[in-house]
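Student: Here is how the chains run, residue by residue.
6 protein chains.
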Amino acid sequence: MNAPLRRKPSPVDAPPWQLGDIVDELRAAREEWRHTHDRRPDKGEREFPSRDALSDIVSKLCGALFPMRLGPADIQHGCSEDFYVGHTLDLALRALLTQVRLELKHLARPSEPDAETLEARARDIVQQFAAALPGLRRLLDSDVEAAFRGDPAAHSVDEIVLCYPGTLAIIHHRLAHTLHGLGVRLLARIVAELAHSSTGIDIHPGARIGRSFFIDHGTGVVIGETAVIGERVRLYQAVTLGAKRFTVTADGTLEKGAPRHPIVEDDVVVYAGATILGRVTIGRGSSIGGNVWLTHSVPPGSVVTQAFSRNEVMENGAGI
Amino acid sequence: MNAPLRRKPSPVDAPPWQLGDIVDELRAAREEWRHTHDRRPDKGEREFPSRDALSDIVSKLCGALFPMRLGPADIQHGCSEDFYVGHTLDLALRALLTQVRLELKHLARPSEPDAETLEARARDIVQQFAAALPGLRRLLDSDVEAAFRGDPAAHSVDEIVLCYPGTLAIIHHRLAHTLHGLGVRLLARIVAELAHSSTGIDIHPGARIGRSFFIDHGTGVVIGETAVIGERVRLYQAVTLGAKRFTVTADGTLEKGAPRHPIVEDDVVVYAGATILGRVTIGRGSSIGGNVWLTHSVPPGSVVTQAFSRNEVMENGAGI
Amino acid sequence: MNAPLRRKPSPVDAPPWQLGDIVDELRAAREEWRHTHDRRPDKGEREFPSRDALSDIVSKLCGALFPMRLGPADIQHGCSEDFYVGHTLDLALRALLTQVRLELKHLARPSEPDAETLEARARDIVQQFAAALPGLRRLLDSDVEAAFRGDPAAHSVDEIVLCYPGTLAIIHHRLAHTLHGLGVRLLARIVAELAHSSTGIDIHPGARIGRSFFIDHGTGVVIGETAVIGERVRLYQAVTLGAKRFTVTADGTLEKGAPRHPIVEDDVVVYAGATILGRVTIGRGSSIGGNVWLTHSVPPGSVVTQAFSRNEVMENGAGI
Amino acid sequence: MNAPLRRKPSPVDAPPWQLGDIVDELRAAREEWRHTHDRRPDKGEREFPSRDALSDIVSKLCGALFPMRLGPADIQHGCSEDFYVGHTLDLALRALLTQVRLELKHLARPSEPDAETLEARARDIVQQFAAALPGLRRLLDSDVEAAFRGDPAAHSVDEIVLCYPGTLAIIHHRLAHTLHGLGVRLLARIVAELAHSSTGIDIHPGARIGRSFFIDHGTGVVIGETAVIGERVRLYQAVTLGAKRFTVTADGTLEKGAPRHPIVEDDVVVYAGATILGRVTIGRGSSIGGNVWLTHSVPPGSVVTQAFSRNEVMENGAGI
Amino acid sequence: MNAPLRRKPSPVDAPPWQLGDIVDELRAAREEWRHTHDRRPDKGEREFPSRDALSDIVSKLCGALFPMRLGPADIQHGCSEDFYVGHTLDLALRALLTQVRLELKHLARPSEPDAETLEARARDIVQQFAAALPGLRRLLDSDVEAAFRGDPAAHSVDEIVLCYPGTLAIIHHRLAHTLHGLGVRLLARIVAELAHSSTGIDIHPGARIGRSFFIDHGTGVVIGETAVIGERVRLYQAVTLGAKRFTVTADGTLEKGAPRHPIVEDDVVVYAGATILGRVTIGRGSSIGGNVWLTHSVPPGSVVTQAFSRNEVMENGAGI
Amino acid sequence: MNAPLRRKPSPVDAPPWQLGDIVDELRAAREEWRHTHDRRPDKGEREFPSRDALSDIVSKLCGALFPMRLGPADIQHGCSEDFYVGHTLDLALRALLTQVRLELKHLARPSEPDAETLEARARDIVQQFAAALPGLRRLLDSDVEAAFRGDPAAHSVDEIVLCYPGTLAIIHHRLAHTLHGLGVRLLARIVAELAHSSTGIDIHPGARIGRSFFIDHGTGVVIGETAVIGERVRLYQAVTLGAKRFTVTADGTLEKGAPRHPIVEDDVVVYAGATILGRVTIGRGSSIGGNVWLTHSVPPGSVVTQAFSRNEVMENGAGI
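As they're listed, the protein sequences go chains A, B, C, D, E and F.
Residue numbers for the first sequence follow the numbering used here, so the first one is 1 and each next one is one higher.
Residue numbers for the second sequence follow the numbering used here, so the first one is 321 and each next one is one higher.
Residue numbers for the third sequence follow the numbering used here, so the first one is 641 and each next one is one higher.
Residue numbers for the fourth sequence follow the numbering used here, so the first one is 961 and each next one is one higher.
Residue numbers for the fifth sequence follow the numbering used here, so the first one is 1281 and each next one is one higher.
Residue numbers for the sixth sequence follow the numbering used here, so the first one is 1601 and each next one is one higher.
In isolation and in its complexed conformation, chain A is listed as follows (with noise of 0.2 Å):
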């Protein structure tokens, strides 16, 4: 036997893999894909809005909204106050005006408008929306006062401020909401799935929430699209306002943009686990108890509870 010509190999070799194949067939696989959904191969730059410019927007703003709780340690009431919001928002809008015209120009790929009209319209969104954030804090503080009110457990309003992940979800979604508003949807979901992704609370941009909203607990929440929301709703975790999705077109297709989520009217409360589905209409000051699965509306002051209060089986219990 003279045959062990192949040493093993030692951590100082070159890996074995094939670099330069890999790198072929990623190619070819990013080819079939460009051709197959009609990708121009010589568009230049790539026109896409970044989910971490995003991420970093949406904390500048944060800071610009509620500068002594989430900007910096060390700002004070005053004039220190002021040059740090005046100079964080000026950032911020900025980045946001790069995002922006990324998605219209990402959006503008058919028609192709010239580039002076885009940028027109990107200025104006931001513009607009710059021009939402005074109110938009009002909001927010309506929402903060809600939960302090809606929680026995939270001991300040700051506390709400700092700690509350259904904070963190309504604050995102009050500026995503704006954005979609103004037509940049593609950056308003890309905002919401930053909340969804660190609070497990999943609202979509379109949503319309009304003035002190509260969401405790939170994970598992899914609020669509054409919800419509009251002032003083409260929700708790693992609720759902969904579509009622169980009937498919003719032709395979789910059926797209008309209204399909609920309208919850003021001052209802849905506990958690609770499933919403479809255009239903929840009346003012209702009450929809956990874990209920309810796919038509209720009048005002309904207190809907599950039919099966005491539906377990003791299998070994001698009784209760």
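Not one of these hints is a red herring.
Distance condition first, Cα-Cα at most 30 Å in a straight line; then the derived DSBU-like pairs of lysine-lysine:
hint : chain 1 : residue 1 : chain 2 : residue 2
1    : E       : K1524     : F       : K1844
2    : C       : K884      : B       : K564
3    : E       : K1524     : D       : K1204
4    : F       : K1705     : C       : K745
5    : B       : K564      : A       : K244
6    : D       : K1065     : B       : K425
7    : F       : K1844     : D       : K1204
8    : A       : K105      : E       : K1385
9    : A       : K244      : C       : K884
Every beta carbon over 12 Å from chain F, so not counted as near; a handful from chain B, in silico:
hint : residue
10   : L390
11   : T437
12   : V548
13   : E585
14   : H616
Hints are computed from structural coordinates only; laboratory data are not their basis.
Glycine included, each C-beta is placed from N, C-alpha and C at the ideal position.
Since the structure of chain A is provided, determine the placement of chains B, C, D, E and F on it from the hints.
Tutor: The following block gives chains B, C, D, E and F in isolation, referenced to the frame of chain A:
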């Protein structure tokens, strides 16, 4: 034609928003809020704990508690490990002292005790917290072992420490619970929310949890402030140990403080999606099935499952 | 009065905790654990994979797989893209090789094969993993297209790649599943938990999932180790494909290894909150309604909904 | 026993050094030093300014002084600029206040004045420093203009601010000199050394320098503590304005405090490598040639050059 | 007098400086400057190259030119290296294009050519710069070899590339000189100052330097704008190749543009501290001794040393 | 002619350079170099020390040597300090071990000893280096005290450690000299260049320097490889202790290895700009004046000054 006087903007033009105006309006909104909440505009430095600081502190404490698993890559048993633990603990405890001071000052607002008394209290709190750490490590070891025994997919205890969200949640909880017991409830809450954000497991720092506790998967678990959990208890995802919140007091606010969450005795298992509400007792050794909705106590050894084991309707199925 | 000899502390005093003692006690706790678990105190360097390293590797692989969407902002089609893909892949695969070595060494504890054999195995694993990447890209393209078809709110495939948590989850899963199949199960698990933490979607790396898979919203989804999912399957949030865990073996431990999670055939849709437990088969083309609790097989084409479509009690409602 | 029992080390073995012993010996060395220098081992927190902190402060002050040139990339004239200046100055001055406190506490060691007096002094120092900044900006503008006039290679004043090491040195010096005048000499020194390290220009903070000062190239320039420089003075690289140090006092120490460096009057030029030593006066409008060694005063309008204009020996040259 | 009503400040009080006033005064100073220098206050975005950006670009170019020495730690010959070089170059050239645009726009101020012409020029410049890189690498290889031959202390060419400040200086110079030749002189200057700051070697980008150039030690070297240096020239620290600046023009300004620095022919060595001034020629193969002061040409093969080889006075020496 | 077919480029077009071609040409240049220098293209991983890694190591060693001055801001005497020192040293020494391995492998090229022998040597070197640290600390204390005694401007020893470039240089040198003595000369050289770059002081690691050494100002100091410096020596800026390089060997190369730099005995002072060349001896207690050029030995107690104390020509001065 003599009109297009106003040329279209280009990306090098100054942005069109009125930064100064928006800053003024945001200040007005803040002043309104401060007026409503009776905040003193000349209060001086911000006194509030920082979520980022606590995140860093917890990360250091994790390293100090489990140096070979959650510490840096290149330490070793022996001297090297002790130096790492000592230095990391030193940094963490000092940083914690700063945060404790901030919470005490924040809470001190109405009565304003003197600075030295606050300082003495802050030091006392951190000293007690530090002294509790070796005991916490032993408790956490019991949790890791419980996870290893409880999950057929686990191959080693190391995997439990490194990969399981339930481990992350219980480490955070045991730290938060200790802080809560020492009176720094805001810090405790922030620590709890750090875990909530990255695991979807929401345990109130007040909850009392015995040794050898294990949560599998975990997303959507909610454990309330006054819950009491015995030893060797196992929970799955989306379990709620909550308050029964339907009763509302006369003045429209929610009741506070009193025991209102379940007592779960030793050796109980609660399967995914089960909801247990109110100050009920789940007797030792019981097993609560998936999706069960339970609002009353059950005796030791109970096995509770859903009443409707074949409840679903087959709309077009010929049978099963 | 001659007593307050001991002045109150000020922030510049040394902290009062006994750092040395706590370090000693923590060491004692570690030694106890190591003794119990038979760890050798003189083992030398730490041999364990790093979550942070894997997070960085996955992030690089995402960039290499989708350079124009998940890569850096300023690359372009053509040369630029290939250089980026090649360099990023090079970094990712080398870093992965390091992590694979760490897992193999960790697993090697009892029998201790020689270093060169481990090295050869590690290289072989990464080589195979690298070779699988172009195929993975194609599979993922099918998933992205499925998401686009499945969600009426989606405006472009780009949006799917950038914003959808379900996309993030399936990218992580397909990478994790490949690692799992190559025997590095701890790495696979860590990759799965990275997705779990940021999306709330918990897919065990062992689960086999066919092409064109789509999870919408996603928070709370749990898919077990031996689940088998066909092509064109769609899941919504909080769906569980779990084991039926009520039976416990005689010695009190849980059964291991055997197939214990559902088989979901092609073209099935499972709506939000549905729970399917045990080794049951959901026949091709079936539709499982929201919140359904299912522990038996259903034939192809079944439409399963909750039995109680109007189960809730209206406590004060006049009717509906 | 004849046995190479001890195998050779491999990279995974524990390192052979005795970490604990070295730490002990280093502690012994520190204790010896502290004993010699009468340092109190129980002094509590470190009270010493930080070079990194000052580097950051100076960088912020540069931005606040020259926002469009030394500030961040994306600010603009008008509101945006003022907000940036205000916020940056706020951060810089607060950080400076912290450093001033540290120096005052450090210097306070022997006599230990009360904390509130120190605090009042620290605030007074920073207030005066802040009030001096607009004047400093005007002085620096005169320096920039002087550089532009003095260097035939300069194309714009902007280039001077951005590229010239002499500009960096004079900005640092004017800040350091102001701090020096306010009594925080250690901070002043650290600021001077920051410039020294990056430009090779070593100006003692005590040196008094008039407006329109310009140093070209600059490496190796040294300007002593009691030097006095008039207006419109120009220096080249490697110029020394030093003390004449040959005389040593009887007890072997060097003389302190008294004026011992040159006075350079208005409109003087000193060429590269010239050395001027002692409390001599270089009369207004004089020109001191390269490499000149000067230890006595010269009257206004002097032109001093080396005596040996053809001093070199041509060893093998036939002539020139 | 019963007055000290005003308590002493404590660290939590607001700082006493008038931030708003200082910001106003700084703005006044800026406006004065802008008025003097005729800057248009409504100019829009800043158009100026960034030192930090160029530092990063040069660092990337160094990596692309010498991937195994100045690139990241873990690349290899072959595919891996080319991908790294390609990707790094791609990033560097795009970033450079941005900086070139900024300089062109800055210079364009008076005449304001249209944006597309500037863009075309910018692209042309970077294209030519990119095409020059392979030639630069070869030139730099000759410099490295010259250093290896010229320094008895050097053990390998790798050491030269990694450790020698002279190498750093010549890499920067050859890049800066190329930029200078392409008309982006401000970028060139910034690159030169980057080297000046970290090595103390100050070479004007305009200087023309032949292959196999070596500077040893280097601190204090100054080479002027119109200097011309042949092949295989060697310089030591503190050598000046400067202009003879004593003559001043009638209107008090310094002469510009014309050749005014030395010509150093092939194979010349200039020892430490030598100063050569004016448009003189140092003939091929000459050797200029340490500290020599030379203001006239010398023929090929000259050996010039100081006239005073024993010039010093021994004040108390008995003899030598 | 109606032709402007080729539109002008805009910033979104792809850049015009041929990235692929340049990468190819750069590879060709590298291959040529490797061919010339006989580098093996299939050598595997890079084996070369890293400047950044050494910078970090030195920074950690500085912290471990002077924890209260060069360590982080918040440590204290006692336990806290020891834990910091131990952990930091642990990190530094392990990182150094990695760098030592890299240098040994690099040097090993021709003869290629086995891996385990190299590993043993590397460990031995770091062990000896570690053991030398306490002695180094004591030596450095003597240097700090010498600086304090030698500079009339110094107010405290702490200022010396924090602000003086001479201190930085001697710390680096003593570390580098130790590494040099242990045979890792490339590491030593890199450490020396780190100091050179930030202080302008260039000390070859081979130079032997006695205790209580002080360099003031320092820019431009050069100390050669075989220089020997006694105790209590003081140098000022721009002093050269160099080789006398005029003699060149017959084959045109420079002589190597032999002692060729000055011996400076105890208690010597060398003033700014003095140049001492060759293997001469400066006798104990001598004083060498500024700008003196010295190429021969002087006996103990010599005071050497420039011969021309009034050498300059006053061109238009009426007298002096």
